[in-house]
Amino acid sequence: MSTNINLSRRTFIKATAFVAGGLVIAFSIPYAKRFMQKEQAAAPGQDKPLPVPNAFLRIGTDDSITVMLAHSEMGQGVWTTLPMLIADELDADWSKIKVEHAPAAPDYIHTAYGIQITGGSSTTWSEFDRYRQAGALTRALLIQAAANTWGVAVDSLRTENGFVRNGEQTLSYGQLAEKAAGLETPTHVTLKTPDQWKFIGKPTRRLDSAEKINGTAKFGQDIQFEGLKIGMVARSPVFGTTLASVDDSATLKVSGVIKVVKVPTGVAVIADHYWAAKQGRDALKLTWQTEGKEKPDSAALLKQYSALAQQPGLSAAKAGDTAQALKQAAHTVTAEYVLPYLSHAPMEPLNCAVKITEDGCEIWTGTQMQTTDQGAAAKILGMPPEKVMIHTQFLGGGFGRRANPRADFVSEAVEVAKAAGMPVKTVWSREDDIKGGFYRPMFVHRASIGMDADGKPQAWQHTLVGQSIILGTPFEKVMIKDGIDATSVEGVADSPYVKDLPNHQVELHTMPSAVPVLWWRSVGHSHSAFVMESLIDELAHTAKQDPVAYRRQLLKNHPRHLATLNLAAEKAGWDKPLPEGIFRGIAVHESFGSVVTQIAEVSVKEGQVKVHRMVTAIDCGLAVNPDGVKAQMESSIAFGLGAALSSEISFKDGEVVQSNFHDYQVLRMKDMPKVEVYIVQSSEKMGGVGEPGLPPVAPAVTNAIFAATGKRLRSLPIANQLA
Amino acid sequence: MKLNINGQDTELNVSDDMPILWAIRDIAGLTGTKFGCGMAQCGACTIHLDGQAIRSCVTPVSAAVGKKITTIEAMQDDKVGQVVQAAWQEIDVVQCGYCQSGQIMSATSLLRQNPKPTDADIDNAMSGNICRCGTYQRIKAAIHEAAEKLA
Ligand code: FES
Ligand code: FES
Chain A
1 MSTNINLSRR TFIKATAFVA GGLVIAFSIP YAKRFMQKEQ AAAPGQDKPL PVPNAFLRIG
61 TDDSITVMLA HSEMGQGVWT TLPMLIADEL DADWSKIKVE HAPAAPDYIH TAYGIQITGG
121 SSTTWSEFDR YRQAGALTRA LLIQAAANTW GVAVDSLRTE NGFVRNGEQT LSYGQLAEKA
181 AGLETPTHVT LKTPDQWKFI GKPTRRLDSA EKINGTAKFG QDIQFEGLKI GMVARSPVFG
241 TTLASVDDSA TLKVSGVIKV VKVPTGVAVI ADHYWAAKQG RDALKLTWQT EGKEKPDSAA
301 LLKQYSALAQ QPGLSAAKAG DTAQALKQAA HTVTAEYVLP YLSHAPMEPL NCAVKITEDG
361 CEIWTGTQMQ TTDQGAAAKI LGMPPEKVMI HTQFLGGGFG RRANPRADFV SEAVEVAKAA
421 GMPVKTVWSR EDDIKGGFYR PMFVHRASIG MDADGKPQAW QHTLVGQSII LGTPFEKVMI
481 KDGIDATSVE GVADSPYVKD LPNHQVELHT MPSAVPVLWW RSVGHSHSAF VMESLIDELA
541 HTAKQDPVAY RRQLLKNHPR HLATLNLAAE KAGWDKPLPE GIFRGIAVHE SFGSVVTQIA
601 EVSVKEGQVK VHRMVTAIDC GLAVNPDGVK AQMESSIAFG LGAALSSEIS FKDGEVVQSN
661 FHDYQVLRMK DMPKVEVYIV QSSEKMGGVG EPGLPPVAPA VTNAIFAATG KRLRSLPIAN
721 QLA
Chain B
1 MKLNINGQDT ELNVSDDMPI LWAIRDIAGL TGTKFGCGMA QCGACTIHLD GQAIRSCVTP
61 VSAAVGKKIT TIEAMQDDKV GQVVQAAWQE IDVVQCGYCQ SGQIMSATSL LRQNPKPTDA
121 DIDNAMSGNI CRCGTYQRIK AAIHEAAEKL A
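These protein sequence lines map, in sequence, to chains A and B. Numbering-wise (UniProt numbering), the first sequence opens with residue 1 and increments by one. Numbering-wise (UniProt numbering), the second sequence opens with residue 1 and increments by one.
Derived by calculation from the structure, the hints in this document are not laboratory data. Do not rely on the hints blindly, as some may be mistaken.
Said to hold, decoys possible - Straight-line distance between alpha carbons at most 25 Å, and here's what the computed PhoX-like set of lysine-lysine pairs gives:
1. B:Lys79 x B:Lys68
2. B:Lys149 x A:Lys674
3. A:Lys674 x B:Lys116
4. A:Lys96 x A:Lys192
5. B:Lys116 x A:Lys670
6. B:Lys149 x A:Lys670
Said to hold, decoys possible - Derived Cβ-Cβ restraints for the label pairs, each shown as a range:
7. A:Glu336 x B:Met39: 32 to 40 Å
8. B:Ala63 x A:Gly227: 25 to 33 Å
9. A:Leu228 x B:Ala141: 34 to 42 Å
10. A:Gly421 x B:Pro60: 29 to 37 Å
11. A:Thr170 x B:Leu12: 51 to 59 Å
12. A:His391 x B:Ala141: 31 to 39 Å
13. A:Glu580 x B:Pro60: 46 to 54 Å
14. A:Gln169 x B:Leu49: 57 to 65 Å
15. A:Ser156 x B:Gln89: 38 to 46 Å
16. A:Gln304 x B:Leu12: 48 to 56 Å
Beta carbons are placed, not taken as given, at the ideal position from N, Cα and C, and that holds for glycine.
Next comes chain A alone, as it looks inside the complex:
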């Protein structure tokens, strides 16, 4: 299969000489795809706005190849994957590749989402064509430059490992870069066929490894420059309440504290260093206007949500007559599932350095959403967005927390620097992070499933209760339809188990609350997969059937599900006996265009759960970097298992109970199971990898716990429910 792309029609291309010498490749993407910018796109009198040029690749006269990343590296490995795409088409010398985060600029907007964003497990599939095209185009220009130099036909030349060759003659890409920069760009490039790939599909070591093990990698937290001060903000302990009074007399006596300023989110202490800022903030005497405000309380919320789950909600999916079909069922399974608020707790606490000058603003931070942050900063400062420069640093974890449509931590940092009248790096303590909101929302699900005499489901009624992530954000108009936030019901409303039934009904109650919520690794799937895959296990048990055999039957028209199910079952030895005291559980779930099956092997001793082994099978279509895929499966298991076993954000008297890693517990080394990852050889459409491993983790574990103990866990975390 050869991919012939007509660039003259699809894209606008130009090659320009880069200021430092060498070659910059620039081209654009079709505007029509940018769904989040729909409104701007439909400007009056203009069907299609002009394309915006992009720049992805720079070849230096020193042979260096600098790849500009339109996405943020937050651990998921795009610092390596995107260069692999370019290297293959360019026939690059891998050792010459350097990588940089691109600035915040229209050039780098997501090919499907229309803003500059890293999220939705979308980087690799969304850039698969764009980055390969950039590589192919550059190669064509370099060959043309060599052909001109030698006075030979293009066809007689070939490229290899950073050189153009003509028999014994060679010219390096660096030697050709300046000549290539002046050339007319071709209107067609032919992309390589899979059999010609040297990098794509081969396990490839990370390019950011060396700097991340010797302390030189720069995270936002590590930004330091002359005149940059540290800011810490005291925020209200009750969400949605405002400052009543400030007494900063003790704070101002702390050595190293420079000033105290008010900002919309609270009171900021500006100091020479973190320690002074923290001590100064601890010394503030503040009161907050909490009277008459909502004071969330976890026990009360659970009661409220549970009651609502038994009431009709807004319809998210509907077919047939579910109520009638349930009445006729031979067996009915009815159950309520409860999932808590969760904090992302990325390893690097939030931070953002801001320098405001007469003619612009510079921001250094780790962000997953440059466009939104840039826009928010520009609005606060009353300047056009292009005056706001964002220097994206390595992200010390994101998991969704650094992709905030409300641009919370960047906006606040801009407010702090503005109020302080000096460059400030606003930093969050771990307590600020755990108590600071933007949680995975709490959810209650209630389902009734009617089965026939053979145990096959016939009718599915499912009601969800929880807060919307999207409501009140700029994404509302495109992501909420008929009152349904798709991210609230994903994994249920579109589940094959539900959709395949002639009678089904999925309903949603969207809860208003001042508690800020946000997408947390795998978003809605982080709660829905637990519920769906536990329910399927309940059905299999009611039907007295093996959990794998039962799923095979229900998913018989879903080949990708079946492929991962069968591969995982085979590798785990599902049909073989286990050692004494060890029990298995399985779960399969589709999200972000990929399907993953997880099989957990657990033991339960004196109420303590130990997960010994996880066997994972994933179908993500083409795995560009198979070792990167494995790493993301390991990562999803650790992240999902930690949450399933012990993470929970709860509220008492309006305040968050947890504060740091002693009471917001996450997975540690001693609880990490042995993980085996198998990738389905697949020619399906490419899907994501950063998130899809996570959803089936918790239900695989709780299904194994059911096998071990006969106890069905219908809420997370597992904590001491078995004690």
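Starting from the known structure of chain A, fit chain B with the ligands onto it as the hints suggest.
For chain B with the ligands alone, kept in the frame of chain A given last:
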């Protein structure tokens, strides 16, 4: 206050109670050592004090006077540190990388005390170092790999 950081005597103008973490990061400008929790819960701030792995976020500078502070920046000149770093690259451990300075400092200290650690030894020594990216399986493999190289 005079502190010996990575073999160099360094005069820092800091109060006695300032945690070593902030003295080395914000005053001395060595940012390889990370802040993750500030209460000895995550291990991101792990350094060596006279060769012992300690959590620098809860250890005041006064405790380091007359002792040797070693940070991640000095590991490439350390015999065990080099082997550990090489194993980390070989196994391709890192993801976001933020916890990895602390992981390497803890692993190096473990291997100095116990050149042939078992899985259980590694669990014990390393469970104070959180990795939110979940690189634990590879960290364990890299420690075994380094132990083999050192033997
Ligand atoms: S920052 Fe010191 S242990 Fe977490
Ligand atoms: S590599 Fe990200 S926290 Fe460990």
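Verification of the hints:
Between Lys79 of chain B and Lys68 of chain B the alpha-carbon distance is near 17 Å, which keeps this suggested pair within the 25 Å criterion. Between Lys149 of chain B and Lys674 of chain A, the direct Cα distance comes to roughly 23 Å. Compliance with the 25 Å bound is thereby established for this hinted pair. Between the alpha carbons of Lys674 of chain A and Lys116 of chain B the distance comes to roughly 20 Å, so the proposed pair stays at or under 25 Å and holds. Under the criterion of a C-alpha separation no larger than 25 Å, the hint pairing Lys96 of chain A with Lys192 of chain A is consistent with the structure, at around 21 Å.
At most 25 Å may separate the alpha-carbon atoms for a hinted pair to count; Lys116 of chain B and Lys670 of chain A meet this at roughly 18 Å. Our distance criterion of 25 Å between C-alpha atoms is met by Lys149 of chain B and Lys670 of chain A, whose separation comes to about 24 Å. For Glu336 of chain A paired with Met39 of chain B, a C-beta distance near 36 Å keeps the hint of 32 to 40 Å intact. The hint said 25 to 33 Å for the Cβ distance between Ala63 of chain B and Gly227 of chain A, and at roughly 31 Å that hint holds.
Between Leu228 of chain A and Ala141 of chain B the beta carbons are some 39 Å apart, a value that agrees with the proposed interval 34 to 42 Å. The supplied range of 29 to 37 Å is met by Gly421 of chain A and Pro60 of chain B, whose beta-carbon atoms lie about 33 Å from each other. Between Thr170 of chain A and Leu12 of chain B the beta carbons are some 54 Å apart, a value that agrees with the proposed interval 51 to 59 Å. At about 35 Å, the CB distance of His391 of chain A to Ala141 of chain B agrees with the hint of 31 to 39 Å.
A hinted range of 46 to 54 Å holds for the C-beta pair Glu580 of chain A and Pro60 of chain B, which are about 51 Å apart. Separated by about 60 Å at the C-beta atoms, Gln169 of chain A and Leu49 of chain B satisfy the suggested range of 57 to 65 Å. For Ser156 of chain A and Gln89 of chain B, the hinted distance range of 38 to 46 Å is satisfied, since their beta carbons lie about 41 Å from each other. Between Gln304 of chain A and Leu12 of chain B the CB atoms are about 54 Å apart, so this pair conforms to the stated range of 48 to 56 Å.
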